[in-house]
Amino acid sequence: MLDATASALRTVGTESEPAPRAAGGGEKLIETLLLLCAVLSIITTIGVLAVLLFETVSFFTKVSFSQFFADAKWTPLFANKHFGIWPLVSGTLLTSVIAISVALPLGLMAAIYLSEFAGPRTRAFVKPTLELLAGVPTIVYGYFALVFLTPILQAFMPQVEAFNALSPGLIMGIMIMPMISSLSEDALHAVPNELREGAYGLGASKLSTIFRVVVPAAKSGVVAAVTLAVSRAIGETMIVTIAGGAQPNFTFDPRGAVETMTAFIISVSKGDTPTGTIEYQTIFAVGSMLFLMTFTMNFITQRLLRSSRGKGL
Amino acid sequence: MADSAHKIHARQVKAWFADKQILQGVDMAIPKNQVTAIIGPSGCGKSTFIRCINRMHELVDVARFEGEILLDEQDVYGSDVDPVLLRRRVGMVFQKPNPFPTMSIRDNVLAGLKMTGRLKKSEADAIVERSLGKAALWGEVKDRLKEPGGGLSGGQQQRLCIARSLAVDPEVLLMDEPCSALDPIATARIEDLLSDLRQNYTIVIVTHNMQQATRVSDKTAFFLHGELIEFGETDSLFTHPADSRTEDYITGKFG
Amino acid sequence: MGQSVDICGCRSKLGERLFHVGCWLAILLPLSMLIVLVADVAIDGIGRLDWGFIKGYPSRRAHRAGIWPAFCGTLWLVGLTGLLAIPIGIGGAVYLEEYGGNSRLAGFIELNIANLAGVPSVIYGLLGLEFFVRVAGLGSSVLAGACTLALLVLPIVIISSREALRTVPHGLREAALGLGCTPWQMIRKVVLPMALPGILTGAILSVSRAIGETAPLILVGAVVFITFTPEGVDSQFTALPIQIFNWVSMPQKGFMENAAAGIVVLLLTLLSINLVAILLRNHFQRRRY
Chain L
1 MLDATASALR TVGTESEPAP RAAGGGEKLI ETLLLLCAVL SIITTIGVLA VLLFETVSFF
61 TKVSFSQFFA DAKWTPLFAN KHFGIWPLVS GTLLTSVIAI SVALPLGLMA AIYLSEFAGP
121 RTRAFVKPTL ELLAGVPTIV YGYFALVFLT PILQAFMPQV EAFNALSPGL IMGIMIMPMI
181 SSLSEDALHA VPNELREGAY GLGASKLSTI FRVVVPAAKS GVVAAVTLAV SRAIGETMIV
241 TIAGGAQPNF TFDPRGAVET MTAFIISVSK GDTPTGTIEY QTIFAVGSML FLMTFTMNFI
301 TQRLLRSSRG KGL
Chain G
1001 MADSAHKIHA RQVKAWFADK QILQGVDMAI PKNQVTAIIG PSGCGKSTFI RCINRMHELV
1061 DVARFEGEIL LDEQDVYGSD VDPVLLRRRV GMVFQKPNPF PTMSIRDNVL AGLKMTGRLK
1121 KSEADAIVER SLGKAALWGE VKDRLKEPGG GLSGGQQQRL CIARSLAVDP EVLLMDEPCS
1181 ALDPIATARI EDLLSDLRQN YTIVIVTHNM QQATRVSDKT AFFLHGELIE FGETDSLFTH
1241 PADSRTEDYI TGKFG
Chain W
2001 MGQSVDICGC RSKLGERLFH VGCWLAILLP LSMLIVLVAD VAIDGIGRLD WGFIKGYPSR
2061 RAHRAGIWPA FCGTLWLVGL TGLLAIPIGI GGAVYLEEYG GNSRLAGFIE LNIANLAGVP
2121 SVIYGLLGLE FFVRVAGLGS SVLAGACTLA LLVLPIVIIS SREALRTVPH GLREAALGLG
2181 CTPWQMIRKV VLPMALPGIL TGAILSVSRA IGETAPLILV GAVVFITFTP EGVDSQFTAL
2241 PIQIFNWVSM PQKGFMENAA AGIVVLLLTL LSINLVAILL RNHFQRRRY
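Residue numbers (our numbering), protein chains in the order written: chain L, 1 to 313; chain G, 1001 to 1255; chain W, 2001 to 2289.
Careful, some of the hints might be misleading.
Stated by the list, open to error - 27 angstroms max Cα-Cα, derived DSSO-like pairs, lysine-lysine:
id	chain 1	residue 1	chain 2	residue 2
1	L	Lys-270	W	Lys-2055
2	G	Lys-1096	G	Lys-1134
3	G	Lys-1096	G	Lys-1020
4	G	Lys-1142	G	Lys-1096
5	G	Lys-1121	G	Lys-1096
6	L	Lys-62	L	Lys-81
7	L	Lys-127	L	Lys-270
8	G	Lys-1121	G	Lys-1032
9	W	Lys-2013	L	Lys-270
10	G	Lys-1096	L	Lys-28
11	G	Lys-1121	G	Lys-1142
12	G	Lys-1014	G	Lys-1032
13	W	Lys-2055	L	Lys-219
14	G	Lys-1014	G	Lys-1096
15	L	Lys-206	W	Lys-2013
16	G	Lys-1032	L	Lys-28
17	G	Lys-1032	G	Lys-1020
18	L	Lys-206	L	Lys-127
Said to hold, decoys possible - Chain G residues, not near chain W, derived (Cβ > 10 angstroms throughout):
id	residue
19	Arg-1088
20	Lys-1096
21	Glu-1171
Everything labelled a hint here was simulated from the structure, so no lab data went into it. Cβ atoms here follow ideal geometry from the backbone N, Cα and C, with glycine treated the same way.
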């Protein structure tokens, strides 16, 4: 800091400028402080990785890989312990697939409408209104799935149990729908008008222009929206915890109860689990699996977004 | 070498944006307390050249500079030079009037001093009146100094920006096409102002308007493709250009 | 030429119209579900919503239980989270926008922030449990909860602050530098005053997300049955979503009513904080020259 102050004093202005408060040590200090704020994000990432890795390694000193990946039973809290992760993975995938099959058609249709048909005023109103859906706390959706949607589903399909994968999946679909519509709309909107005009010039109808030209041109943006939404669905916790049940069944039947990875983490930590026990380490091992799955999705999203920007879309 | 008649000496000034070379090695001595105009077609490097003088060029990430620019005797690219302090001696007025929107007229004038922590409260009123007076704006705004600067007309805003630069008390004033966003009447006001200011300041004005150069400047430089083609007394450059390219440009054959 | 070609296009018009209707359904279905949701919660919960419920403490009897400790806990959490996340988030955003430029470090931080924004909140809970609660020794305190939530909302605060900083015209930065300002003087006196309303609105909206977060708080050990309000940052705590979650898990119907009433309070809290952010922005915008 002294050096910097000294060099500031030796600078151009010294003859005519009395006591300038210029680029002295203070400037450098502030820049460093601001840099630290930004670097905290890197520290957070390192923290997440370190915590997950540390506890997961301890977990695998007690449980072998084959017990984890080659068993179809998950009963770590029982006397007869099984550590097969697949029931949790299947529960997670099942609810996520249900959510995406609701969110993708709705979200894409809404995006196409907003980008290709709606006027600026409709868009200015509908877009933020849809985004309200993403702002509702998930615990509220969980309550709604359990208390409102499940009884309705049961009225139509008697086989649906009180806790099931279908109801939270559907609600989750509604929740992530604005994520898909918003990002896809950005991508569709960025498609240059010349492409549309080119298609019209060939005599294409509006619909075939949209589906043959505009949507394909915006493909990577739309796919990025979907991968982001999938990641969100995989990581969603409270809806599936409340309405999905807590039974790690290795099943793809949406009418029965399931347990997702996130729901398992919650069900263990509701109680008091002492550090160092296998139960405690289990939630970190499951957390690592969850992190890997969501990170892969986020990574693909970032890649796709970057490549779509690179093309000037 | 440096001499008392010239304020700025540029030697072999070369500048790049990424891989694109904008200035090809410009040598130029800018006279003290005179108005020097720089003309040339778009993209000839005239704006880049004056942005090199107060080291605004290097603010762009991909920008690069080579050469030497002396202010009085001192190399402004010397390792011990602080560009911040340099810019207090070499002020700049930009193409589009850009008063600070969150500040009143008065605060805009004082902005440079206030922001750099050099304002003595007791002197503030005098500085505001003096600077606005020099910028020929005092009479029009003296009753509404508390109002926002953005509420003035375009021409008034540009004079406010000039007053803002003068308040810092620079020795050199660089003007980057200061009238290109203004109407003819506002332009005339600024041009009148320049002839008053030249007594105390060294002024370098970039313009794409050749009439303006003839009206306001003592000397004129013609830039083309990043080179200084011709530099001389304004009258003789426009009446008897030495270089055929200068002649082609001023007679409107290109550009 | 082309006399025999039909140019009325009735078929394609019909298809387009059908598609149009489909699109509207795609928009109206989720929105009507939102309305149904709010109505359902309000109808379920309105009967329990009175002053006694707000000021009440947890109880084994549904009709005597209240949310006062949870409500206070939530306010503590949001306040502390804002105190931590907003200054750091703005600082990080200023660095990336004004200093970082195209440096590799800035690019890496940017990518990292984008990835962090996609990490599930339950994972932040695991980090908070291991790091803040155990390693840092904060225990299951309000502070541990707030630190965890602050890390969770930090990426969103940074992203929204950067957007606000980008609305400041480049010419104003140049003007300030041209007057001899140092970079920090330029930021402090020109850029931040102009961007602040946008930054604050975005920051408050981002931090308000912490209100609804449940999973990370369960992990850091928010207690459910608590009969006092937090007295300091090291106090044990509960929060509205935790209390709601607890009631939802109860078999008795009375507790479901409590959960609905709690949700109404939660949504109203969320709404009023968002309203404050929007009023703040409008207030500043009117004052803006």
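| said: Would the hint linking Lys-1096(G) and Lys-28(L) be met if the CA-CA limit is 27 angstroms? | reply: 31 angstroms, violated
| query | Is the Cα-Cα distance between Lys-206(L) and Lys-127(L) 27 angstroms or less? | reply | It holds: about 22 angstroms lies between the C-alpha atoms, which stays within 27 angstroms.
| query | Under the criterion that the straight-line Cα-Cα distance not exceed 27 angstroms, is the pair Lys-1096(G), Lys-1134(G) satisfied? | reply | The given pair, whose Cα atoms are some 20 angstroms apart, holds under the 27 angstroms limit.
| field | Pair hint outcome, Lys-2055(W) versus Lys-219(L) [Cα-Cα no greater than 27 angstroms] | value | 53 angstroms, violated
| query | Taken at face value, is the distance from the CA of Lys-1020(G) to the CA of Lys-1032(G) at most 27 angstroms? | reply | 32 angstroms, violated
| message | For Lys-1121(G) and Lys-1142(G), compute the direct alpha-carbon distance and say whether it is at most 27 angstroms. | response | Holds: Lys-1121(G) and Lys-1142(G) sit about 18 angstroms apart, inside 27 angstroms.
| chain W versus Arg-1088(G) - minimum CB to CB distance exceeding 10 angstroms, so not interface | 3 angstroms, violated
| Restraint status (C-alpha distance of Lys-1096(G) to Lys-1020(G) at most 27 angstroms) | 25 angstroms, holds
| task | Please confirm whether Glu-1171(G) is truly not at the interface, meaning its C-beta sits more than 10 angstroms away from all C-beta atoms of chain W. | result | 12 angstroms, holds
| message | What's the verdict on Lys-62(L) and Lys-81(L), does the C-alpha distance respect the 27 angstroms limit or exceed it? | response | 12 angstroms, holds
| message | Can you confirm whether the C-alpha distance between Lys-270(L) and Lys-2055(W) stays at or below 27 angstroms? | response | 25 angstroms, holds
| Taking only the CA atoms, is the gap from Lys-127(L) to Lys-270(L) under or equal to 27 angstroms? | 37 angstroms, violated
Checked against the numbered hints listed earlier, the structure breaks hints 5, 7, 8, 9, 10, 13, 16, 17, 19, 20; every other hint is satisfied.
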